[in-house]
Amino acid sequence: MAYPTGTFELIGLWIGWLLMLMIYSYPLYKENLAYRFAEHIFIAIFLAINLVVNFGNVMKICITPLLGGDFLMIVPLIIGISIYTMLMPNYRWVSRYPVAILVGAGFGLGMRGVIKPSILDAIVSTITRPTDIGAMAWINFLYIAVGLICSVLYFLLTYEHTGTLQTPTRIGRLFIMIGLGAYFGNTVLFRFTMLTGRAQFFLQVLKIIPM
Amino acid sequence: MSGQNIFDKLQNIDRKVFYWVLFITLCVPFMFPLALPIKVVKNTSDLYDGVTGANIEPGDIALINFGYGVSAWSECAPGIAVCTKALFREGARIVFMGSHYDVELTYNKLRSDAAADFAGKTYGEDYVFLGYFTGGESAIAQLATDAWTVYPEDHFRTKVSDIPLMKDFHGWEDIALVLSSDTGDVGSYFLRQWQGAHGTLLAEIGIAMNGSTDYPYYLAGNYFGLSIGSRGGAELEVLIGEPGEATTSMDSINASHILIVIAVILANVGYIVQRRKA
Amino acid sequence: MAIIVTGRVMTFILLILTFAAMYYYMNLGKKGKIFKIRTLPAIQAIPEAVGRAAEMGQPVMWTPGIAGGLNDATQGPQTLAAISILEYVTEECVKAGVKIAALCPLPDALPLVEETMRTAYTAQGKPEEFNDEFIRFFSGQSAYMTGTLGYLQRERPASTILVGGFYYEAVIIAEGGNTIGAMQIGGTNNTHQMPFLVATCDYMLLAEELYAAGAAISGNPDALGSIKGEDMIKFLIVAITGVGFLLGAAGITFIADLLGM
Amino acid sequence: MVFAITGIVTVLMFVEYFFFPQDWIVASTVRNWSVIILNISLGLGAVRLIMQHVMGTQRRRENWQFSALFLVAFVIMLFTGLAGYLSTGVATSNSVYNWLFNHVYTALGATTYAITGFYIFSAAYRAFRARNVDASLMLIAGCFVILSNAPVGEVIWSGIPAIGEWFRFVGQVPGMRVFGIVGALGTIAYGFRALLGKERGFYAGGAED
Numbered sequence: 001m002a003y004p005t006g007t008f009e010l011i012g013l014w015i016g017w018l019l020m021l022m023i024y025s026y027p028l029y030k031e032n033l034a035y036r037f038a039e040h041i042f043i044a045i046f047l048a049i050n051l052v053v054n055f056g057n058v059m060k061i062c063i064t065p066l067l068g069g070d071f072l073m074i075v076p077l078i079i080g081i082s083i084y085t086m087l088m089p090n091y092r093w094v095s096r097y098p099v100a101i102l103v104g105a106g107f108g109l110g111m112r113g114v115i116k117p118s119i120l121d122a123i124v125s126t127i128t129r130p131t132d133i134g135a136m137a138w139i140n141f142l143y144i145a146v147g148l149i150c151s152v153l154y155f156l157l158t159y160e161h162t163g164t165l166q167t168p169t170r171i172g173r174l175f176i177m178i179g180l181g182a183y184f185g186n187t188v189l190f191r192f193t194m195l196t197g198r199a200q201f202f203l204q205v206l207k208i209i210p211m
Numbered sequence: 001m002s003g004q005n006i007f008d009k010l011q012n013i014d015r016k017v018f019y020w021v022l023f024i025t026l027c028v029p030f031m032f033p034l035a036l037p038i039k040v041v042k043n044t045s046d047l048y049d050g051v052t053g054a055n056i057e058p059g060d061i062a063l064i065n066f067g068y069g070v071s072a073w074s075e076c077a078p079g080i081a082v083c084t085k086a087l088f089r090e091g092a093r094i095v096f097m098g099s100h101y102d103v104e105l106t107y108n109k110l111r112s113d114a115a116a117d118f119a120g121k122t123y124g125e126d127y128v129f130l131g132y133f134t135g136g137e138s139a140i141a142q143l144a145t146d147a148w149t150v151y152p153e154d155h156f157r158t159k160v161s162d163i164p165l166m167k168d169f170h171g172w173e174d175i176a177l178v179l180s181s182d183t184g185d186v187g188s189y190f191l192r193q194w195q196g197a198h199g200t201l202l203a204e205i206g207i208a209m210n211g212s213t214d215y216p217y218y219l220a221g222n223y224f225g226l227s228i229g230s231r232g233g234a235e236l237e238v239l240i241g242e243p244g245e246a247t248t249s250m251d252s253i254n255a256s257h258i259l260i261v262i263a264v265i266l267a268n269v270g271y272i273v274q275r276r277k278a
Numbered sequence: 001m002a003i004i005v006t007g008r009v010m011t012f013i014l015l016i017l018t019f020a021a022m023y024y025y026m027n028l029g030k031k032g033k034i035f036k037i038r039t040l041p042a043i044q045a046i047p048e049a050v051g052r053a054a055e056m057g058q059p060v061m062w063t064p065g066i067a068g069g070l071n072d073a074t075q076g077p078q079t080l081a082a083i084s085i086l087e088y089v090t091e092e093c094v095k096a097g098v099k100i101a102a103l104c105p106l107p108d109a110l111p112l113v114e115e116t117m118r119t120a121y122t123a124q125g126k127p128e129e130f131n132d133e134f135i136r137f138f139s140g141q142s143a144y145m146t147g148t149l150g151y152l153q154r155e156r157p158a159s160t161i162l163v164g165g166f167y168y169e170a171v172i173i174a175e176g177g178n179t180i181g182a183m184q185i186g187g188t189n190n191t192h193q194m195p196f197l198v199a200t201c202d203y204m205l206l207a208e209e210l211y212a213a214g215a216a217i218s219g220n221p222d223a224l225g226s227i228k229g230e231d232m233i234k235f236l237i238v239a240i241t242g243v244g245f246l247l248g249a250a251g252i253t254f255i256a257d258l259l260g261m
Numbered sequence: 001m002v003f004a005i006t007g008i009v010t011v012l013m014f015v016e017y018f019f020f021p022q023d024w025i026v027a028s029t030v031r032n033w034s035v036i037i038l039n040i041s042l043g044l045g046a047v048r049l050i051m052q053h054v055m056g057t058q059r060r061r062e063n064w065q066f067s068a069l070f071l072v073a074f075v076i077m078l079f080t081g082l083a084g085y086l087s088t089g090v091a092t093s094n095s096v097y098n099w100l101f102n103h104v105y106t107a108l109g110a111t112t113y114a115i116t117g118f119y120i121f122s123a124a125y126r127a128f129r130a131r132n133v134d135a136s137l138m139l140i141a142g143c144f145v146i147l148s149n150a151p152v153g154e155v156i157w158s159g160i161p162a163i164g165e166w167f168r169f170v171g172q173v174p175g176m177r178v179f180g181i182v183g184a185l186g187t188i189a190y191g192f193r194a195l196l197g198k199e200r201g202f203y204a205g206g207a208e209d
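Protein chains in written order, with our numbering: chain F, 1 to 211; chain W, 1 to 278; chain X, 1 to 261; chain D, 1 to 209.
So here's chain F without its partners, still in its complex pose (with noise of 0.2 Å):
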């Protein structure tokens, strides 16, 4: 992408920038009114382009197949609308039934969901011995499944971590605390990235870098 120039484009570039700079015055310096104008606006247009998307999607799945003629389109087109009851005190009785649907295709799906790949493959995986033949994959291979039986066992809720328990659910703790350490750097890499993009922003409209 080359740097802009037509003068909209240009004047939109700087706002983007000024935008920014408004945005990260408060980590950097404080609280401030640049701050809370940018603020605002980011929170009104987001709000506007979700209705407008969303506007489009209900015209697209809903509206049109009905006008099309498929006339059983009116009943969620009704049950949705009726969820708005919920902003009117007396009727917000009316609102438990849209939510019920919801409530019952997001149980269902996701029960009958979650047990083959997060419980039954992840078990699979862990008995599955390495095709591997070196000592490492083995020690891998133990560590992965010792670890996992420690870890379920230090959330067994209704038996206190003593006796027998103790030591399992000790190192099942110490598994446990690895993998948060792994994803508290996974996560440097993810914030960073985002800080990155952005100070490369920063130097590309003041054409410090090229665009």
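Mixed in with the good hints there might be a few duds.
Here are the computed lysine-lysine pairs in the DSSO-like style, where the Cα-Cα straight-line distance is at most 30 Å [unchecked claim]:
hint : chain 1 : residue 1 : chain 2 : residue 2
1    : F       : 207       : F       : 30
2    : W       : 277       : W       : 42
3    : W       : 109       : W       : 39
4    : X       : 31        : D       : 198
5    : X       : 95        : X       : 126
6    : W       : 109       : W       : 121
7    : W       : 121       : W       : 167
8    : X       : 36        : D       : 198
9    : X       : 95        : X       : 36
10   : W       : 9         : F       : 30
11   : X       : 33        : D       : 198
12   : W       : 39        : F       : 30
13   : F       : 207       : W       : 16
14   : W       : 167       : W       : 109
15   : W       : 109       : W       : 277
16   : W       : 121       : W       : 159
17   : X       : 30        : D       : 198
18   : X       : 126       : X       : 99
19   : W       : 109       : W       : 42
20   : W       : 109       : F       : 207
21   : W       : 9         : W       : 42
22   : X       : 99        : F       : 30
Since the hints were derived computationally from the structure, they do not count as laboratory data.
With chain F fixed as given, assemble chains W, X and D onto it according to the hints.
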């Protein structure tokens, strides 16, 4: 606090000092790039092999989900660009869709990032952009069984029945592989409702933060490949031999990562010395 | 097993087994059997956190994170557990004469928060001391973060209780609490926020411990019974993994094949 | 009645999954409805927020100027977007909407979420301390992963990528898998209790107040 020694100070540096140092550290490497070599790890090469090898035949349809918005462009966009290029070069057809309301911006960015590859392709025949969807897991489950009810029209409001590519895509059976790139949960919906339920080939081009939770699923074979954050993107750029945004950002990542480790070490030195004294 | 779709048989069996175990223990609970939740250091630390506030003459802050809209299947339960913990914290605060502030960004949880705190004051015989200004509502994530940071700086609570469904505000709020030297008790089931709460809090309720804490405090027999049922399934998982590992190491894939059915 | 509806929809999803290798038209229709209902319901949060800002402006509450700013920006964006959508079917065909979308929204969207990078930095500095064995393990795993995520790790010491990768690809697996397992069981437990009508709060907003 008048009696603060060096170790107290090490533990209590003002955070604003750090923020400024961090921002400057992120900026400087763009001006003086080092371009250190980037090592490719197995989960990334498995992903690349998956989109270039035996998984995909000319004419097959791949589904690419943009589960990220502008905020995660630096993390996800490079990986998606490389995979799109690779898939087009294998002769695959691609269906693009997204769960972020700003998906149009992301699609436009991809078209510009992989402009040369899009140039030789025809919209509606070789690729299609279905646009935004909501409905969470229900919508993804529905997409597997009856895609046309989730998307009766593409993003540009052409009826899917009038789009040649869409005549070959009604549900999971028509899709050779799915690539989902997410900041949120859509990849896990594909995992449960496509891969878990139907065994569809699935790979994740995720933000680094989700790398930890995604990796066990890669190890269990639920994902045939996995790209983790901008580093994964840079590795994919190495694999396709076209350095891009992710490769450029690696210098900044290097500097900032060293900085944070130094900060942690300094704070711990202060902490340990203080504890010994106490 | 032609009736059940191939590849989903084990899912079916495990789902039914889980339901059955939960139902059995919920039923036992209804008949009066009480299931005890194991010691959770984070919950045991609450009186200490309140005591610290009493000594310092500063308030205690509770906040549940912004993720947990009540009708969200994964986030909602975290808010409910957080509200159970709030009940306990409030009772302890009333006993010790400590001010408590509940900072809540969830509009649909507000009535429940208010009712819970009011009940706790009433239970301690001091209903007149309750003031709904103890509850502060913030709309939207940014307002929530800045509002909470502002509160931390101004009021300097001695202890903070950060329990519930958090998004990325967790690190910002917990960092804010750390800066003012508050004693912090954290808890969430959102994996993506756990590392930050673990790093910044003195005590932590990890994942399901949050639900267990909520159930232990509320004493709800259904919640306790289903947690007991879950524990039985965890034993089953441990057993299958253990046996499967030994067989797998010997090259026998029987268990793995069975689980793939 | 409400619980019955939830129960029926849940059971429909189960029946389809376990007994129909392909989709089942009844479950598929209900699921499609739920997608539409969810789409329609997404405006709810927006309506609440707008009402709050309208009241804030009307009653001249503290910082009402910002509420007014919010409303002006919102109205401009909403109407230009709808105008674009209604005229051509694509909202960005309106040039004002497109300009705001491409420049203002993109800049703010990318900036606002990145702000956490600063806080993570100070959180790591302030809180990543070797207080005890647990914290030390987390610290060590974290530092190795941080260094191995950056190509420079290998330059510092050739062992760093190997150790970092071990933490990423082996070390963390038990912990992360257990979160998957207890998360799955938690989802089932909560769903089961809700189906039996044992969860209060669940229908909050519409339930017994």
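*Given the proposed pairing of residue 30/X with residue 198/D, does the C-alpha separation stay at or below 30 Å?*
12 Å, holds
*Given the proposed pairing of residue 39/W with residue 30/F, does the C-alpha separation stay at or below 30 Å?*
40 Å, violated
*asked:* Need the status of pair residue 167/W, residue 109/W: alpha-carbon distance at most 30 Å?
replied: Holds, at about 27 Å.
*Compare the distance between the alpha carbons of residue 31/X and residue 198/D with 30 Å, and conclude whether the hinted pair is satisfied.*
Given that 30 Å is the threshold and the Cα spacing comes to 16 Å, the pair holds.
*Verify the proposed pairing of residue 109/W with residue 42/W, using a straight-line Cα cut of 30 Å.*
28 Å, holds
*Assess, step by step, whether the Cα of residue 121/W is no farther than 30 Å from the Cα of residue 167/W, and give holds or violated.*
18 Å, holds
*Agreement of residue 99/X and residue 30/F with the hint, judged by alpha carbon distance not exceeding 30 Å*: Holds: residue 99/X and residue 30/F sit about 28 Å apart, inside 30 Å.
_Hinted pair, alpha-carbon criterion (30 Å max): residue 33/X, residue 198/D. Please report holds or violated._
Holds: residue 33/X and residue 198/D sit about 17 Å apart, inside 30 Å.
*For the pair supplied as a hint, residue 207/F and residue 16/W, confirm whether the alpha-carbon distance does not exceed 30 Å.*
The given pair, whose Cα atoms are some 27 Å apart, holds under the 30 Å limit.
*Taking 30 Å as the top limit, are the C-alpha atoms of residue 9/W and residue 30/F close enough?*
Distance ~22 Å between residue 9/W and residue 30/F Cα, so the pair holds.
_Given pair status - residue 198/D, residue 36/X, alpha carbons within 30 Å_ = Holds, because 19 Å separates the two Cα atoms, which is no more than 30 Å.
*Pair hint residue 121/W and residue 159/W, alpha-carbon separation not exceeding 30 Å*: 20 Å, holds
The earlier numbered hints that this structure contradicts are 2, 12, 15, 21.
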